[in-house]
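Participant: Heads up: the sequence shown begins at 1 in this note's numbering, then just goes up one per residue.
Bear in mind the hints are in silico, worked out from the structure with no lab data behind them.
Hints may be right or wrong, so weigh each one.
Claimed, not checked - Quick list of the computed label-pair ranges, beta carbon to beta carbon:
{"no.": "1", "residue 1": "V215", "residue 2": "R279", "range": "17 to 23 Å"}
{"no.": "2", "residue 1": "G45", "residue 2": "P133", "range": "27 to 33 Å"}
{"no.": "3", "residue 1": "V178", "residue 2": "M230", "range": "25 to 31 Å"}
{"no.": "4", "residue 1": "W174", "residue 2": "I39", "range": "33 to 39 Å"}
{"no.": "5", "residue 1": "V132", "residue 2": "L40", "range": "46 to 52 Å"}
{"no.": "6", "residue 1": "R127", "residue 2": "R53", "range": "18 to 24 Å"}
Unchecked claim - In silico DSS-like links for lysine-lysine, alpha-carbon gap of 27 Å or less:
{"no.": "7", "residue 1": "K224", "residue 2": "K29"}
{"no.": "8", "residue 1": "K282", "residue 2": "K222"}
{"no.": "9", "residue 1": "K224", "residue 2": "K107"}
{"no.": "10", "residue 1": "K222", "residue 2": "K160"}
{"no.": "11", "residue 1": "K160", "residue 2": "K282"}
{"no.": "12", "residue 1": "K29", "residue 2": "K107"}
{"no.": "13", "residue 1": "K282", "residue 2": "K224"}
{"no.": "14", "residue 1": "K282", "residue 2": "K107"}
{"no.": "15", "residue 1": "K224", "residue 2": "K160"}
{"no.": "16", "residue 1": "K107", "residue 2": "K222"}
The structure displayed is predicted, hence computed values, not measured ones.
Every residue gets a Cβ at the ideal spot worked out from N, C-alpha and C, and that includes glycine.
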Amino acid sequence: MGIQDRQYYRDEEESRGGFQAGNSTMITKIVAVTVAIYILDMFIGGRDHWLMRDMASGPQDLMRPLYWWRYLTSGFAHDPSGYQHILYNMLSLWFLGRSVEAVYGSKEILRFYLIAIVLGSVTQAVRQYAMVPEAEWARCLGASGAVVGVVMLFVFNFPKQTLLLFMVIPVPAWLVGVLLIGMNLLGATGVEVALPGSRDKIGRVAYDVHLVGVVFAIVYFKFKLNFGRMLPHRFSDLTSTIKPKLRVHDPDGYADIDAEGDALLEKVNQYGIESLSPRERKILEDYSRRMRQKHR
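Using the sequences and the hints, build the whole thing.
Facilitator: Here it is, written out as C-alpha cells:
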C-alpha cells in the first residue's frame, strides 16, 4: 500500500489543499526583511551607510555585551558598495531554502538560520581577536554563513537533485556541495577564490564564516537535531524541579510536529518514499500514528 493510500495522508492533503508555491514561507519572509533593510540603508544610511555599519559585527564587540546583538544583525546587513553580495545570498536562499523549509518546517528553519548567523559571526570575531593584530581588525557583514548552511542541508536532503551551476551547467546537488566546501577550504588557506559571500569592511570574503555554516549543517543533519524539540525539553527539566509533574497539552509543540509531518508528506509526493532518510521515516511513522489517534 502506497503512502497516498493511507487515510491520514488523504485527510491531511484534503485539509491543506496541497503545497502552494505562492504561499508566504519563512524563507520568503527572511529574504523580504533582508532586502528591505538593504533598501532602507540606501535611503537613510548616507554616504557612510551608517545602518549597515552599525549592524555589522566584529572582534571589538566581544568585550562589549551591550553590542552582542550585532552578532545576529550582521546576518541581515550586506555590502552597500554593490548589489552582487546580497543578490547571490538571497537568490541561493530563495531557490534552495524553500525546499529545506518543506523538510524541517518554517519555525525550525528560522531557528537554524538565526543560530547559523550567530555561530558564524562569533567565530569570525573570535578568530580575529585571537589571531589578527588589533589594527587589522575588520567588521563582518552578510548572511552567507547561514545561507551556506541552508544550501548544505539541501544537498544532504536532495543529493541527486539537479541544480544549475552558475545558472547554466546542470549538475547533481552533491557536486555543488563538494565544490562549495572545496572552494571555501582553498580560500581559507589563502588561495584567491571568487566567492560572493560574507565580507568584512574592506571587501574580503569571510571563508571561515562559510565553513562554520558547512560544519553546522553537517552536525545538524548527522545528529538529527531539532531545536524546536530540544528547547522545550530543557525548560521542562528546569521547571520540573520546582513544580509537580503535570501533563500539559502543548499545541505549539504539536504544530511544529504537524508542520514537519506535512513537509515530509510533500517530499514523498514530489520525490517518492525512497527520498526519506531513516530519521524522516521514523518521524513520518510517528506522525501517522498521531493522526490515526486524532481521527478516532
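Participant: Now, for every hint given, state plainly whether the structure supports it.
Facilitator: To see whether the hints hold, each was checked on the structure:
Taken as a hint, the range 17 to 23 Å holds for the pair V215 and R279, whose Cβ atoms sit roughly 19 Å apart. Roughly 29 Å separates the CB atoms of G45 and P133, a value that falls within the hinted 27 to 33 Å. At about 30 Å, the beta-carbon gap between V178 and M230 stays in the expected band of 25 to 31 Å. For the pair W174 and I39, the supplied restraint of 33 to 39 Å holds, since their beta-carbon distance comes to about 36 Å.
Taking 46 to 52 Å as the suggested C-beta distance range, the pair V132 and L40 does not conform, at roughly 31 Å. At about 21 Å, the beta-carbon gap between R127 and R53 stays in the expected band of 18 to 24 Å. Restraint check for K224 and K29: the C-alpha separation of about 25 Å stays at or below 27 Å, so the hint holds. Pair hint K282 plus K222 holds up; C-alpha atoms about 15 Å apart against a cutoff of 27 Å.
Restraint check for K224 and K107: the C-alpha separation of about 16 Å stays at or below 27 Å, so the hint holds. About 18 Å separates the Cα atoms of K222 and K160, which keeps this hinted pair within 27 Å; it holds. With a CA separation close to 22 Å, the supplied pair K160 and K282 stays within the 27 Å bound. As the CA atoms of K29 and K107 are separated by approximately 12 Å, the hinted pair is consistent with the 27 Å bound.
Taking the CA atoms of K282 and K224, the gap is near 12 Å; set against the 27 Å cutoff, the hint holds. About 20 Å separates the Cα atoms of K282 and K107, which keeps this hinted pair within 27 Å; it holds. Proposed proximity of K224 and K160 is supported: the alpha carbons are some 20 Å apart, at most 27 Å. As the CA atoms of K107 and K222 are separated by approximately 20 Å, the hinted pair is consistent with the 27 Å bound.
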